Amino acid sequence: MLNKIFRKPQNELEKGGRVPAPTVAEDAELTSTCPICKTATPVSQLWEQLNVCKCGYHFRMNARQRLHVLTAPGSFSELYGDLESRDIIGFPEYERKLKNAQLACGEKEAVICGTAKIGEMPCALFVMEPYFMLGSMGTVVGEKITRLFEYAAENSLPVVGFTVSGGARMQEGILSLMQMAKVSGAVRRHSDAGNFYAVVLTDPTTGGITASFAMEADIIIAEPGATIGFTGARIIEQTTRKKLPDGFQKSEFMLEHGFVDLIVPRPKQKAAIERLLKLHERRAAR
Amino acid sequence: MSTAYDKVKLARAKGRPTGTRYIRGIFTDFIELHGDRCFADDTAIVAGVARLQGDPVTVIAIEKGMDLKEKVYRNFGAPNPEGYRKALRLMKQAEKFRRPVICFVDTAGAVCGIGAEERGQGQAIAMNLMEMMTLKTPILTIFIGEGGSGGALALSVADEVWMLENAFYSVISPESCANILWRDPKRAQEASEDLKLTSDNMRRLGVVEHVFSEKGLGGGELYGTLKNEMINFVCGKMALPVETLLQQRYERFRRFGAAEG
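If you read the protein sequences in the order shown, they are chains A and B.
So the first sequence is numbered by our numbering: it starts at 10 and just counts up by one.
So the second sequence is numbered by our numbering: it starts at 246 and just counts up by one.
Derived from the structure by calculation, the hints contain no laboratory data.
Since we're looking at a predicted model, the values are computed, not measured.
Certain hints may be false.
[As the list claims (entries may be wrong)] Facing chain B, from chain A, some residues (calculated, C-beta under 10 Å):
| no. | residue |
| --- | --- |
| 1 | Ile97 |
| 2 | Val149 |
| 3 | Thr155 |
| 4 | Ala177 |
| 5 | Glu181 |
| 6 | Ile183 |
| 7 | Met189 |
| 8 | Ile244 |
| 9 | Thr248 |
[Said to hold, decoys possible] If you want a taste of the chain A side facing chain B, the calculated C-beta under 10 Å gives, among others:
| no. | residue |
| --- | --- |
| 10 | Glu152 |
| 11 | Met187 |
| 12 | Gln188 |
| 13 | Gly238 |
| 14 | Pro254 |
Heads up, the beta-carbon is just placed ideally off N, CA and C, and yes, glycines get one too.
Please model the entire structure based on the sequences and the hints provided.
Put into structure tokens, the structure is as follows:
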């Protein structure tokens, strides 16, 4: 059962990602080595710790795994799960990349949407998938999130979102960029109807996601140590030829500069979100 | 037959008229208004109030600068968060006084830098996208040169978007795209084709409503054509009930990539 939910990340496509490939230890148990404290932790133990190292480093987590730890058992009901991307502008290699991404992570696209309960609180939920083309947003990701906000607005539901994305998906050209505006419109309508939206920014949240729905929530939570920004750090370094300050674009940096409300470590997220949902229950107009 | 990359080069060409030339060529009584009321005035965005054939409008233009001195002063048309916040401030002002907003876009992209990140480049763009979607006054955006990604989109959540024939609009610069795909920025020419970034592609994809010929670029004829079309646009949109205007704007973006099923 656990094996089905906690799939081992197949991150061949994610070179440069932060999850090191599990290495085979002497006793043949898979371990993951923390890039911060260099401790090798058995994968099974890491899963019990929600993929958080003892030193506090947060390894990446796939979307199903998040859903499993976040939502009340049996409460998650997926929406728009049948939408699949296709090569709409004739971009070389895109069909193959899509197929590989689907095979690698077992998801049809880079976001999972649905309704669920977090603790006792019903909500609409989107969770982005880091192992599907680094969570990049094409038309299907944009469409699913837009539909979710529209559904939540119709049903007066709060939205809880988890972002992880390299930004807009260049293989869909300008139509990817248009998704930023499209989703923003739906977020706005949901908000104007008095509904609550909380987002958790996880590593990495960059580009067009930061420049749209990641920054449009009523309450913005960040996972510790996540990279959050508009332009990628490497590009800034290359362009400006300046040394970047320590901790540049990390959650703590974003908190210090006033762009996130709070940082919540993964083991405490469920309780924090449930409390926030309770604090934002719709009240009858006086 | 010119390639996509030829158009990219034309859009970036030296001597191509930049934002403030359009303001001067089309409007009268322009008064520039400065600052985001938070941190600074961004010189890459020129904005203010003016008259379009007698009627007040709010005009916002990304300005690249034409000679080197002006380019440096304008930061080569790369806006900082303050530029987008200034634009939004003046859009809200336009909404209050019920005057249309007209934007000119010409940028390789928003500033990429340490300060821009510290002051929330992503947040500034996000706020514009969300606020423009429900701004209760007509918005028109015209692409006059480069349309670089989120930095261009931040002034383009409009009721209509128009483009000059050699302007382009892209999710990523062809050079960066080539660098990511093939680790070779020199293959930008191929990437330009693949990205479908030209005005005819934009028209086909429904991303822009009008493409204008560049005959007489920088001269009174083109400014005159744009001005006449603008007057028609303003008359048409100002006559709509606000709810209809906003519904149509929402649907304009809602339809992009509405997958079947």
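**Asked** Going back to the hint list, which numbers does this structure go against?
**Response** none
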